[in-house]
Amino acid sequence: MPLSLRSEDHLDVRAVTVHARRMAWTTPPRLDPDRSRRRLQLLAELAGARAVQQRERPQRARSERLRQLIATRRRVAG
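Quick note on my numbering: the sequence shown kicks off at 887 and runs consecutively.
These aren't lab readings, by the way, just hints derived from the structure by calculation. Values in this document were obtained by computation on a predicted structure and should not be read as measured data. Even for Gly, the Cβ is constructed at its ideal location relative to N, Cα and C. A hint or two may mislead.
Label pairs and their in silico Cβ distance ranges [said to hold, decoys possible]:
1) Asp920 with Leu955: 21 to 29 Å
2) Ala957 with Leu932: 20 to 28 Å
3) Arg948 with Asp920: 37 to 45 Å
4) Arg960 with Arg936: 23 to 31 Å
Using the sequences plus the hints, can you model the full thing?
This is the structure in structure tokens:
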């Protein structure tokens, strides 16, 4: 009995192929150790700078956080 492909089988294969391609795009490239260390250092410095800004301007930070919460709630509700 010959093996035949149904149209549903073909669609499943295409879906898997598309999914595999999307996964390839989201997988980050491997970085060399020096570059990775510099990246982590930069991210830590940025986080520290943000913390200083929030300490210096607490009202602005609170209102920004409140805007983010409202926007998140609207996205979830709507």
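Unsatisfied constraints (hint numbers, rising): When the structure is compared with the hints, only number 1 turns out to be violated.
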